[in-house]
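K.L.:
Okay, here's what each chain looks like letter by letter:
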Amino acid sequence: MTASAAPTASATPSRFLLRGRAAGRGLSPLVVAALVVVGAVIVAAVAGPAIAPHSATAQDLATGISGPSSEHWLGTDDLGRDVLSRTIVGARTAVLGPLLVAAGAMVIGNLLGLVAGYRGGFLDTLVSRFADLVYALPALLVAIVVVGVVGGGYFTAVALLVILYSPVDTRLIRSATLVQRSQAYVEAARVSGIPGRRIMFAHIWPNVLPLAVANAFLTFAFSIVSLAALSFLGLGVGPGTADWGRMLSDSRTLLFDNEWTALAPGIALVVAAASVNIVGDWVFERLSERGRR
Amino acid sequence: MVLVIVSFLIFGLLYIAPGSPEQLVLGNSKSIDPATLKAVRQEYHLEGPFLVRYLDWSEAALRLDFGRSIRTSEPVRDGITQRLGLTAQLAGLAFLLTLALGVPLGVLAAVRQAGLVDRGVVFLSIVGLSAPAFATGILLLYLFAVRVGWFPAFGQGEGFADRLHHLVLPAIALALTATGLVVKITRAAFVDELQKDYVVFARARGIRPGRVLFGFVLRNAATPIVTAAGLILAYMLAGSVLVEVTFALPGIGALLVDSVTAQDIPMVQGLALLIAAVVVVVNLVVDLLYPVIDPRVVFSRSSR
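Sequence order for the protein chains is X and P. For the first sequence, the tail end lands on 293 under the numbering used here, and the numbers increase by one without skipping. For the second sequence, the tail end lands on 304 under the numbering used here, and the numbers increase by one without skipping.
In short, the hints are calculated from the structure, not lab data. Every value quoted in this text rests on a predicted model; they were computed, and no experiment measured them. Check each hint, because a few of them may be wrong.
Covered stretches of chain X (in silico footprint by chain P; criterion: 3 or more residues with CB under 8 Å from a CB of chain P, positions within the stretch not fixed) [as the list claims (entries may be wrong)]:
id	segment
1	88–95
2	144–150
Just a sample of chain X residues kept apart from chain P, beta carbon distances all over 10 Å, derived [as the list claims (entries may be wrong)]:
id	residue
3	I42
4	I51
5	F122
6	L126
7	P138
8	Q180
9	Q183
10	V191
11	R198
12	H203
13	P210
14	G266
15	A274
Pairwise CB distance ranges, derived in the manner of DEER restraints [what the hints assert, rightly or not]:
id	chain 1	residue 1	chain 2	residue 2	range
16	P	D78	X	A159	32 to 38 Å
17	X	I194	P	A262	54 to 60 Å
18	P	A248	X	G39	33 to 39 Å
19	P	F8	X	V107	43 to 49 Å
20	X	V107	P	V146	42 to 48 Å
21	P	T81	X	I42	20 to 26 Å
22	X	A159	P	L96	33 to 39 Å
23	P	L3	X	P49	33 to 39 Å
24	X	G196	P	F8	32 to 38 Å
25	P	F8	X	E187	40 to 46 Å
26	P	A248	X	A33	32 to 38 Å
27	P	V168	X	P239	31 to 37 Å
Ideal Cβ positions, reconstructed from N, Cα and C, are used throughout, including at glycine.
So here's chain X without its partners, still in its complex pose (with noise of 0.2 Å):
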């Protein structure tokens, strides 16, 4: 119904930003700029401890809070710890839980649209409802009272937030595998006497399988924030994790004195969220070129 718009709408509006202006199909700074990013942050996330100049978690109560300095660039925080270690080290929570989620999503959201849209029928039915009813559900109000509530922290949310996102990847699937049915090769398929399992898996999943990994990319963008913001209400990683959304609301009060143990995480964030969703713009841009040729 109206979701169905959603998708359409939403890839159109960047296009252009993403092709450099003479260079027909070059990339354009922009898109570099954020691949540039979404890199560093990845070297971060997986090499963070060997690259931070302090420990992350290594307190200096007699140093305490203070600005920027050439031993600490973006100063310490109220317990003496390196705001710049943290913020690369910190990097790990935002892509690892992400990642999982993204995972999670699209695994279960390709079978489950595959095998509905496939099928079709009461299974058809069942699914497709279910996917309308936890689509509907605001996932980060529902991830909060049910983080909250059953406690678990960190993978906890991750495993919430599969659930609550794997619908958007059900229903996008679940349309691209109704189009791919009617197609004159599945009939073939079909008449031929190739098992339907073997038609959906082998067949169709590789024709449905760009937009499934563009719809990643912009769960990974999402996943980034959700987890971020649960942390930030002290429902995601433990006290004392190097995390972004944790530093931010650990900073609320340290503001006045060093202000960068706010402004660090905050825009590697911004910057980090925003690259992933140009890149995910641009890997959907790109794949569905190829789609249409």
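Mind docking chain P on chain X? Use the hints.
P.N.:
Just chain P, lined up with the frame of chain X:
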């Protein structure tokens, strides 16, 4: 129908919380006399089979009686109504800001399609869309409250003007993400419409561009924008949680977080039902608006 399913899930919350409900209410002390225990079980609908408890609870909930808060022992209804006003004002202000900023910017970008203005606007909307309210909130707090001191950093203010003054920064933080979405959708809708024959024809007849844009195109492009506006009102609920915590405003969102962390299940249930009701009502209003905007849309009995 949706509300019934959701209310069932919300009631179930009590049972997925670690520890028994009685423990949550009375704490872990060992010497609880049976009479108190029984009274507590009665009050929190813990007697009898699950379905009976659910029906008891939902019947009370229909009378807007959600029981007493475990944390403050005030009735849940009072706790919510005391704080509802602030959140409604915050969300309302942010909603107005979002539409007042997002729609014109989206139209501007669509008219100047592929130009420098368009590129700038779309870039900003992607950044806005990616920026969570608590991050922008803290950045705004730093810039305007700490650095230049134009706005107060915390508190809710007394009286209308003061309240407005206190709510400006939170509302902007709340509006930014939503504005990104509105810009994106408005722009896409206008770009689609501007390519249509009736626009070319209207221009050829010499009708002023302003009239073409706002007299003809706006109406045709309104459907996706109204859909987005509905989404945004629902988003404001989640966003207000983050913003209220960031700016230490005692609204519904902050109450939700406090209650959740304190395992104050009756309060959480009341708030969750309220939120679910708001989401359902907003969706209903959006659905009812479609035929007003576009008379070609008619309700069909088979669609639901």
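K.L.:
Hint by hint, note whether the structure agrees.
P.N.:
Checked hints:
Evaluation of the coverage hint for the segment 88–95 of chain X: breached, as 0 residues show C-beta separations to chain P shorter than 8 Å, against a requirement of three. Under a criterion of three residues with beta carbons nearer than 8 Å to beta carbons of chain P, the stated coverage of the segment 144–150 of chain X is upheld, 6 such residues being counted. With 10 Å as the threshold on Cβ separation, the claim that I42(X) sits away from chain P holds: the shortest Cβ distance comes to roughly 17 Å. Distance to chain P confirms I51(X) as a non-interface residue, since its nearest Cβ pair spans about 23 Å, more than 10 Å.
With a cut of 10 Å on Cβ distances, F122(X) stays outside the contact zone with chain P, its closest approach being about 18 Å. Non-interface status of L126(X) relative to chain P is upheld: no Cβ of that chain comes within 10 Å, the nearest being about 14 Å off. Here P138(X) does not stay apart from chain P, with its beta-carbon only about 5 Å from theirs, under the 10 Å limit. Its beta-carbon lying about 25 Å from the closest one in chain P, Q180(X) satisfies the requirement of being farther than 10 Å from that chain.
A cut-off of 10 Å between C-beta atoms confirms that Q183(X) is not in contact with chain P; the least separation is 27 Å. Against chain P, the non-interface label of V191(X) holds: every CB pair exceeds 10 Å, the least being about 33 Å. Under the 10 Å C-beta cut-off, the non-interface status given to R198(X) relative to chain P holds; the minimum distance is some 35 Å. With a minimum CB-CB distance of about 32 Å to chain P, H203(X) clears the 10 Å threshold, and the non-interface call stands.
The Cβ of P210(X) sits about 20 Å from the closest Cβ of chain P, beyond the 10 Å cut-off, so the non-interface label holds. With a least beta-carbon separation of about 4 Å from chain P, G266(X) fails to lie farther than 10 Å from that chain, contradicting its non-interface assignment. Here A274(X) does not stay apart from chain P, with its beta-carbon only about 4 Å from theirs, under the 10 Å limit. Restraint check, D78(P) to A159(X): a C-beta distance of roughly 35 Å satisfies the suggested window 32 to 38 Å.
Take I194(X) and A262(P): their Cβ atoms lie about 58 Å apart, and the range 54 to 60 Å holds. The hinted range of 33 to 39 Å is satisfied by A248(P) and G39(X), whose Cβ atoms lie roughly 38 Å apart. The given range of 43 to 49 Å is broken by F8(P) and V107(X), whose C-beta atoms sit roughly 28 Å from each other. Under the hint 42 to 48 Å, the C-beta atoms of V107(X) and V146(P), about 45 Å apart, fit the expected range.
At about 48 Å, the beta-carbon gap between T81(P) and I42(X) misses the expected band of 20 to 26 Å. Between A159(X) and L96(P), the C-beta spacing of about 37 Å keeps the proposed range 33 to 39 Å intact. Taking 33 to 39 Å as the suggested C-beta distance range, the pair L3(P) and P49(X) does not conform, at roughly 49 Å. Our hint of 32 to 38 Å for G196(X) and F8(P) holds, since their Cβ atoms are close to 35 Å apart.
A hinted range of 40 to 46 Å for the beta carbons of F8(P) and E187(X) is consistent with their spacing of about 43 Å. Roughly 36 Å separates the CB atoms of A248(P) and A33(X), a value that falls within the hinted 32 to 38 Å. Under the hint 31 to 37 Å, the C-beta atoms of V168(P) and P239(X), about 32 Å apart, fit the expected range.
Violation of the numbered hints given earlier is confined to hints 1, 7, 14, 15, 19, 21, 23; the remaining hints are satisfied by the structure.
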